[in-house]
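J.: Residue 28 is where the sequence shown starts when you use our numbering, and the numbers rise one by one after that.
These are computed hints drawn from the structure, not numbers from a lab.
Fair warning: there could be bad hints in the mix.
[As the list claims (entries may be wrong)] Capping the alpha-carbon separation at 27 Å, the derived lysine-lysine pairs in DSSO-like fashion look like this: (1) K133 with K298; (2) K113 with K171; (3) K122 with K167; (4) K122 with K165; (5) K32 with K190; (6) K133 with K167; (7) K397 with K376; (8) K88 with K113; (9) K298 with K315.
[Stated by the list, open to error] Distance ranges between label pairs, derived from CB positions: (10) G170 with D60: 27 to 35 Å; (11) T367 with E400: 24 to 32 Å; (12) D60 with K384: 52 to 60 Å; (13) K133 with E400: 53 to 61 Å; (14) R164 with D84: 23 to 31 Å; (15) M28 with G192: 26 to 34 Å.
These numbers come from a predicted model, not from an experiment.
We put the beta carbon where it would ideally sit given N, CA and C, even for glycine.
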Amino acid sequence: MNYRKLGRTGIRVSEIGLGSEAFVNRDDGFAQDLIDTALQAGINYFDLYNPEPYIRDSFGKAMEGRRDRFVIQAHLCSAWIGGQYKRTRDIETVKEAFHDLFERLKTEYVDIGMIHYLDEQRDYDEVFQGPVIEYARKLKAAGKIHHIGMSTHNPRVAVQAAKSGEVDVIMFSVNPAYDILPPNEDVNTLFEKSTYEEPDVLSCTDPERLELYSLCESEGVALTVMKPYGGGALLDAGESPFGVAMTAAQCLHYCLTRPAVACVLAGARTKEELLEAAAYPELPEEKKDFAGLLGSTPAHRFTDKCMYCGHCAPCTAEIDIASVNKFADLCEAQHMVPETVREHYNALKVKAGACVKCGACETRCPFGVKIMEHMERACGIFGM
28 MNYRKLGRTG
38 IRVSEIGLGS
48 EAFVNRDDGF
58 AQDLIDTALQ
68 AGINYFDLYN
78 PEPYIRDSFG
88 KAMEGRRDRF
98 VIQAHLCSAW
108 IGGQYKRTRD
118 IETVKEAFHD
128 LFERLKTEYV
138 DIGMIHYLDE
148 QRDYDEVFQG
158 PVIEYARKLK
168 AAGKIHHIGM
178 STHNPRVAVQ
188 AAKSGEVDVI
198 MFSVNPAYDI
208 LPPNEDVNTL
218 FEKSTYEEPD
228 VLSCTDPERL
238 ELYSLCESEG
248 VALTVMKPYG
258 GGALLDAGES
268 PFGVAMTAAQ
278 CLHYCLTRPA
288 VACVLAGART
298 KEELLEAAAY
308 PELPEEKKDF
318 AGLLGSTPAH
328 RFTDKCMYCG
338 HCAPCTAEID
348 IASVNKFADL
358 CEAQHMVPET
368 VREHYNALKV
378 KAGACVKCGA
388 CETRCPFGVK
398 IMEHMERACG
408 IFGM
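Kindly produce the complete structure, drawing on both the sequences and the hints.
T.: Printed below as a string of structure tokens:
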């Protein structure tokens, strides 16, 4: 397993994590087996949005005596009411539900206190100007949560959270299909095939998503990824908006090559699916490669947009072309050169100015990127 820093929190997390949807309507034996399998595979990052008492009890049992092996992002505003899950902003209900979480997990703290499911602007304003954020601040001050996080499917809302200075981790839906869509407050549109047939759907990453990735990278706000397989649609040619099936490894690799991403939460419903995701770091590069597939997809062709796949290598002048393009994109998305991005660029062994314009890289790029022009662009941004 590979590990990454969870942004400015400094916490070391596995790049593959485990979401908790798999535990719904499953018994404790299944839960203990799946959690043990995750730990044995080197996974240490777990999302726990579920308010179901039996799921929280199972996690508490699994953590007993080995709390240090778990990095938990647990959700505020997720409650169990009348035998059903409910997203709530009622502060007394929020407090009761989070107190229940601590009781059942038998822990003194959770690593990330995630404000649950904020997609609408009105909802975001209510939370960040009201008692929910005040409660989160108090929990953090008391050491009950170590960092404040937020989950959302809307890049416009996520950008505001990243700019707030209070949110250290954003749980965000990332995959190549969602990345071409403009912001929307209705999460259900992500799962509808007709959405991808709209005329305003782009053939490359949506600018507001680029802004989010760039901002999080420069501010040290970590992204943890949900929906890496698009609810399974990307694994099925008949369901995918691209008309071709990706593998789980290709989806994971896409997510892990986006700026600011620290961990991808695999939607594993079985031990076999979990082990498949956990094996990602050991796979050869050709098994992870998504570029050839997306570069030739019959729908929504990605053209002249670097996907940071590395197919352009090797460079005659030994430029790390993918990194140069990523750093330049980060600057363009923010209309400035953040100091952290400049430092990363300056650390490159060979700068864009070393390009000899041989054009060999362009013959290998599956996305038709005008790489020589992009090297000139980087020189203009960074001055070398």
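J.: Broken hints, numbered, in rising order?
T.: none
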